[in-house]
Every structure is written in structure tokens, then in C-alpha cells.
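Top line first, the protein sequences correspond to chains A and B.
First residue of the first sequence? That's 1 in the working numbering, and the numbers climb one at a time after it.
First residue of the second sequence? That's 339 in the working numbering, and the numbers climb one at a time after it.
In case anyone wonders, no lab produced these hints; they're calculated from the structure.
What you are looking at is a predicted structure, and each value in this text was computed from that prediction instead of being measured.
Be a bit skeptical, because a hint or two may be false.
Listed next, with one range per pair, are the computed distances between beta-carbon atoms [as the list claims (entries may be wrong)]:
#, chain 1, residue 1, chain 2, residue 2, range
1, A, ALA19, B, THR721, 50 to 56 Å
2, B, ARG662, A, ASP243, 56 to 62 Å
3, A, PHE109, B, ASP481, 41 to 47 Å
Idealized CB from N, CA, C, for every residue including glycine.
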Amino acid sequence: MAEMNMVEAIRDALDIKMAQDRDVVVFGEDVGYFGGVFRCTAGLQEKYGKDRVFDAPINESGIVGVGIGMATYGLRPCVEVQFADYIYPAYDQIVSEAARLRYRSAGDFTAPITIRTPCGGGIFGGQTHSQSPEALFTHVSGLKTIIPSNPYDAKGLLIAAIEDDDPVVFFEPKRLYNGPFDGHHDRPSKSWAGHPWGDVPQGHYIVPIGKAAIRREGAAVTILAYGTMVYVAEAAVAATGIDAEIIDLRSLVPLDIETIVTSVQKTGRCMIVHEATLTSGFGAELAAQVQERCFYHLEAPIARVTGWDTPYPHAQEWDYFPGPKRVGKVLVAMMEEI
Amino acid sequence: MSEHGPLSFNVPEPMGRPGDEPDFSYLDVPRAGTVRKPPVDVDHQDIRDLARTMIRVLNRDGDAVGEWADPVEDETILHALRSMIRTRAFDERMMTLQRQGKTSFYMKCTGEEAIAIGQQLALAPGDMNFPTYRQQGLLLCQDYPLVDMISQILSNANDPLRGRQLPVMYSSKKHGFFSISGNLGTQYVHAVGWAMASAIKGDTKIATAWIGDGSTAESDFHAALVNASVYKPPVVLNVVNNQWAISSFQGIAGGDSATFAERAHGFGIPSLRVDGNDWIAVYNVSRWAIERARRNLGPTLIEWVTYRVAPHSTSDDPARYRPRKESDAWPLGDPVLRLKNHLIKRGLWSEDRHVQAEAEYAQEVKAATKKAESFGVMGGGSTARDIFDDVYKDMPPHLREQRQKLGV
Ligand SMILES: Cc1ncc(C[n+]2csc(CCOP(=O)(O)OP(=O)(O)O)c2C)c(N)n1
Numbered sequence: 001m002a003e004m005n006m007v008e009a010i011r012d013a014l015d016i017k018m019a020q021d022r023d024v025v026v027f028g029e030d031v032g033y034f035g036g037v038f039r040c041t042a043g044l045q046e047k048y049g050k051d052r053v054f055d056a057p058i059n060e061s062g063i064v065g066v067g068i069g070m071a072t073y074g075l076r077p078c079v080e081v082q083f084a085d086y087i088y089p090a091y092d093q094i095v096s097e098a099a100r101l102r103y104r105s106a107g108d109f110t111a112p113i114t115i116r117t118p119c120g121g122g123i124f125g126g127q128t129h130s131q132s133p134e135a136l137f138t139h140v141s142g143l144k145t146i147i148p149s150n151p152y153d154a155k156g157l158l159i160a161a162i163e164d165d166d167p168v169v170f171f172e173p174k175r176l177y178n179g180p181f182d183g184h185h186d187r188p189s190k191s192w193a194g195h196p197w198g199d200v201p202q203g204h205y206i207v208p209i210g211k212a213a214i215r216r217e218g219a220a221v222t223i224l225a226y227g228t229m230v231y232v233a234e235a236a237v238a239a240t241g242i243d244a245e246i247i248d249l250r251s252l253v254p255l256d257i258e259t260i261v262t263s264v265q266k267t268g269r270c271m272i273v274h275e276a277t278l279t280s281g282f283g284a285e286l287a288a289q290v291q292e293r294c295f296y297h298l299e300a301p302i303a304r305v306t307g308w309d310t311p312y313p314h315a316q317e318w319d320y321f322p323g324p325k326r327v328g329k330v331l332v333a334m335m336e337e338i
Numbered sequence: 339m340s341e342h343g344p345l346s347f348n349v350p351e352p353m354g355r356p357g358d359e360p361d362f363s364y365l366d367v368p369r370a371g372t373v374r375k376p377p378v379d380v381d382h383q384d385i386r387d388l389a390r391t392m393i394r395v396l397n398r399d400g401d402a403v404g405e406w407a408d409p410v411e412d413e414t415i416l417h418a419l420r421s422m423i424r425t426r427a428f429d430e431r432m433m434t435l436q437r438q439g440k441t442s443f444y445m446k447c448t449g450e451e452a453i454a455i456g457q458q459l460a461l462a463p464g465d466m467n468f469p470t471y472r473q474q475g476l477l478l479c480q481d482y483p484l485v486d487m488i489s490q491i492l493s494n495a496n497d498p499l500r501g502r503q504l505p506v507m508y509s510s511k512k513h514g515f516f517s518i519s520g521n522l523g524t525q526y527v528h529a530v531g532w533a534m535a536s537a538i539k540g541d542t543k544i545a546t547a548w549i550g551d552g553s554t555a556e557s558d559f560h561a562a563l564v565n566a567s568v569y570k571p572p573v574v575l576n577v578v579n580n581q582w583a584i585s586s587f588q589g590i591a592g593g594d595s596a597t598f599a600e601r602a603h604g605f606g607i608p609s610l611r612v613d614g615n616d617w618i619a620v621y622n623v624s625r626w627a628i629e630r631a632r633r634n635l636g637p638t639l640i641e642w643v644t645y646r647v648a649p650h651s652t653s654d655d656p657a658r659y660r661p662r663k664e665s666d667a668w669p670l671g672d673p674v675l676r677l678k679n680h681l682i683k684r685g686l687w688s689e690d691r692h693v694q695a696e697a698e699y700a701q702e703v704k705a706a707t708k709k710a711e712s713f714g715v716m717g718g719g720s721t722a723r724d725i726f727d728d729v730y731k732d733m734p735p736h737l738r739e740q741r742q743k744l745g746v
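Using the sequences plus the hints, can you model the full thing?
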């Protein structure tokens, strides 16, 4: 075991896979010599050489497109898009090419590419360094979409993603790179040191894709969250004292619907928390699936607490995404429904 | 068995990394005044060499020489020098502001001041720049209010953009400054479309597009070039080659294989490569390209060769990826010093006036900063109510409901 923050855990995963498998290559803007603007790839070029870890031109469609080409040859590229906000230029390559290659060639060609990208707000990043575009990818068949919430999962899920034979979009909540987050902007950020999920096993292990984690067991209500919002949910539960069960989805597609259904049938209530905007967000999908499977168990309407339906603001970000107060208020209101 | 050896591919490397001696031997710097000036209606085929060489006017002695040394009015050139000093004072102060925790972020243009200020002074009211984040000079050489500019950086109650944009992502239609997108390259195409619209409307306004060397790799750069080549709208396509894109040197964007100016050749767009640290060259080449646009002669691409002296942004430490003293070794010098020496030589300026101007602008920026801070710092003064306006022209019911939920 070793104390790691999420950046170190991601680097460790890449290091282990590169050492194990010569087919793993890593590239993206500034990831080579410099080791990435968030330092996730620091030291890898020195260790594995320039033909396996290198800087890419600022051209996201090129990064993903080149990665797809390599993957079809038989390599396992793990590319970085510097911010999730810059994944849009690559969207066509991800959606029209990576996602469908296996299907349209009847399995003749495949693109096992992993696309890592930092997402989410809370760091004063403004509109172009804060977005959570995961729903845009969950809507596309042929892709897997993953969002870890802690160093332990980040490492195990990233190794699983690189080993996966399908294209994976791997979102890294940048607010969690250095420590967990309690949703309050006026409190100093904590470090992962001493946190149970900052304690990361050395060497190779995987966290299976498609398996959610129950972060807190409870009987009164089920909260579905992922990434940063897991901590906001925890803080809201602590503040209200409501006996909620918190489920960290970890993987949105494939979704661990069984764990969700078992929990909601037990608690009779379901709340969904995400940072992305409400309308057509992943919460809508969750609500629909829970409703289909748990309707007769529900004692209150399913609630969604999310970012507002506006672009991401710079100065007002703490009013934009859900915090413990907003979540707590809805939790309390849900418990009052009969 | 193949008769060939194993294949290889190339990952370009810069001339120097931390600990190395700076080395700019890849850069050919012709003597000032040696590159010819063609007529504005020249055929692009006849100036292909101008995309490879470098147009320079100011020589080592501070004289403006050669065919590109068209006379510039005293008033204009003095305004340019003052604006460059002012821009530097502004950058210094804003950097401090970020270090004091009063703003989240800042980006300097140190060493590149001549480019924005040279081109803006050659433009006419009504023309539209589609800038990136390193052209603060476009606003600072116009009458744009300093307090508003700093308020944007502070995201405070006086911020014209109501706290919504990252600091330095200004917007002012009135000053020909299109709202900046943080997504690199996207607006290069917009400039082409705007220029086409001006032509469709029978107007006389032209557009300018701005992009960095690194961002020329974006597909949108190529989309802009193909559209400019087909429709030949009145647009000036600027590439600011400051050698670095965060930690990646210009070779990672393909700059080692061909100059950025040469990329225009495949599109049949006339293209020039210019010393961007030479204000007179910037101004006169801009005038040439703008004249072409206004006379319906179509687009021009200009590569401005310069150096990013400052860190990429306040989140960056260039000592981690380039030789520490690299900016001192930059062969094209400091644009402010070069123009200053020229003006002193012409008897329009003096060392004393320079020192005085530096103090004056430092003072002006300081006072404006103080005033701006009175409206709030680091988002202070902006309100959560501002989140919901301007998403649509009229606020739809679901946003009204969400605003109520937030209780603002
Ligand atoms: C589409 C997109 N990809 C990546 C980024 C992140 N990014 C911001 S600035 C930058 C470097 C740009 O370099 P260059 O175009 O040379 O301009 P310079 O900063 O040198 O002025 C990068 C990669 C971005 N803003 N947008």
C-alpha cells in the first residue's frame, strides 16, 4: 500500500501498464517532456522513451484519430485531452469512428483506445475548464464512460480501461486530483493522505468496469452520485443526519443497475446528484431506469440535484454546482413526502 | 523477410531544454531592409519566397530601412510606443494581482506587444478582430476603459461580462474585439465568415483572425484557410508564432517542416513572414494586408515571428521545459526597446521621457486597479442572479424555476 493522490494513482496505472505491455502508448498535448499540465504523465517519457510517450499537436480530433489508427493496428493508446472542455473537436472521431468501428466491420476492426480527460468545476476554471460532458458520451452506443471519485478507483479503473477491448472515455474530476472535496469553497482542501481511498495498493489490480460502489449504507434514501458529487452527498448526509445510502456509480456505461435497484427497493427513495446541467443530463437516464424498475417501491418522487441549465460561469461557480446545502435541502424535503 | 529495416517515426525536439544553452540557430534572421515590398495586387505565386524569409525594417542602429519603411505619422508612432509601455505596465500589475489572490488567473503578452498594437493602429473603426487571449494590446491601444478591463479580470460587480468568463477573455463589439473563446482555433473560421458577411452586405469593414503557432494544428485553422481560399473574403489571417505552446515548441505544431506562413501556399493565399518584434514592420505589413482586403484583393496570411518571454499563464512555470535564459538569447530583441531607440534617433523621444512614461503608466494602472478592486475581487460583487440571464434572449420557464430554486 502507498499513500497516493489521484494524479499519482493515474500515473502509477499508466506506469504499470506501460511496463507490462509494450503496446501501450501515451500521447496528448504537453504530456511528453513536461508530463502534462496536471502532471499525470510526469516521468513517463524519460522511462519509456519518446516513441511511446510524446507530445501531440494541439488538435484533439487528430489525437483521437491517430489513436484510433494505432488501435486498429493493435496498439493500446491511452491519450489525453487536456481538458474535457476541449473534447468537442474530437467528438466526431470518438462518436462516428471509435464507437462504431467494431459494429460496422462486424468485429473485423476494433479501436481499444482510452481517452483520459480532466472534467468538472470548482477550481475557478471558467466556462472552458469546468465542464462535465459525460452525458454526451453515454448517449453513444459502443463507448464506455467512466468517472472515478478517488485514487484507489482511479488506478484500478484506468488499468481496466486500458485492458478493455472497447473504446473508453475516462473522465477525471480535476477537483479531486489532490484531495477529496467537501463542497464548501471556504474550507481548506484536504489531502488524500490518511483517507482510506488514498491508500493505494502497489502493483497491478483492477476495479471492474460496470460495478458501482456503496460508499455509505443507509435505509432512508438512496443517493446516486459520481465523481466530485460523492463527497457533496456525504457532506449533505452528515449535515442532515438522514440515513442515506450513497452509491458511487464509477462507471456510467455500462451501468450497475442491479446495485441501484437493490438499494432503491430497500430505501424507497432515490436522489440523483451530478454537476452537469439538468436537462438531458445522465440523471435523466438514471431516473428513467429507476422508475421503470422501482416504481412500486417509491415513496417519493425521484429527485435530481444538478448544475443549472446555463453555461458554466466563472465567478459564481459555487452557486452553480450542487453543494451540501442544496442537496441537504432536497433530502429533507424528500423525507417529508408521504 | 523484408529487405527493409524496421520503420521509425519522428517526434521533434526543441533546440534546448532546462540546463541547456539557448540556441536559436534554426531561425534565419535576414538583415533589416533586405526583403522587397510587392504591390498589393501582386499574384500570390510571385511572393512565395516572402513566406520563408522575414520582413524586417528596424535595424540594429534603430533606423527604419528598406522598402517596407513607409513613413509613419509621428503621432501614430508615439501612440504605439506609449501603448506598448502601458501594456507592459498592465501585465505586470495584473500578474501581481493574481499573486495576491485577487484574481484566479492571468496571461501576459510580454515580448509580443508590437503585434497587436501594430495591427490595431492600422485598422479602421468598425473592423473586427477575432483575437486570442494574448492580444490585450488591441484594447489597450484604443480608448477601452482600464477599470472595466481590470473588473473583467476580477469578475466583480463592474465586470462587463458579469463574472461569466475566465479572466482576460474580454469582449467589446464597440472596440472591434470579438468575445474570446477558450477553445483554441474555433474563431479563426468565424473571422472568415464575418468578412464574407461584410462583403455580402456591401460594407467596407474587414476582419482579422488571430491564432498561436501551436493552435495552427487545430482543424479549424485549416477550415478557415480553405474557406478563405475559396471565397477570398476581406480578412487578415494572423499567426503569432511565439515559439512555444505551453511546454510544446513550435516544431510540435509542424513548424520545423515548413514555416507557418508557407501553409497558405497550398491554398493559394498570399502570405508573408514578418519580424513581430519590429513595430514598424508590423504596422506597415498590416497596412499592406488591410489595403489588399479593402481593395477586394482577398485574404492575406501573416506569420509574426516573436517570442513568449512570460510564462504561458499564471499556472505555468517555463523553467520546467525550456532553458532559463532562452528569452535573453532571442535574436529579435525587445519590441519596446527597439521602437524606443528608433524614436530617440528620430528626435521624437528621450530616455527621460521613457522613464517618465513607464512611471506614468504604472501609476495609471495602479490607480485603475484600486478603483476596480473597489467593485470586488475574485468574483466578489458578482451575483448568483447573473448566472441565469443571457442563456436565451428571453428566460424560459425552466430557468426561471431553477433561479427560484437557488433563491436568487
Ligand atoms: C481546443 C483546445 N485545446 C487545448 C487547449 C489548452 N491550451 C490552452 S493554451 C494552449 C497552448 C496554445 O499555444 P499557442 O497557440 O502557440 O498560443 P500561445 O499560448 O503561445 O500564445 C493549450 C494547449 C485549449 N484552450 N483549447
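Exercise. So which hints don't hold here, by number, going up?
Worked result: Those not satisfied come down to hint 3.
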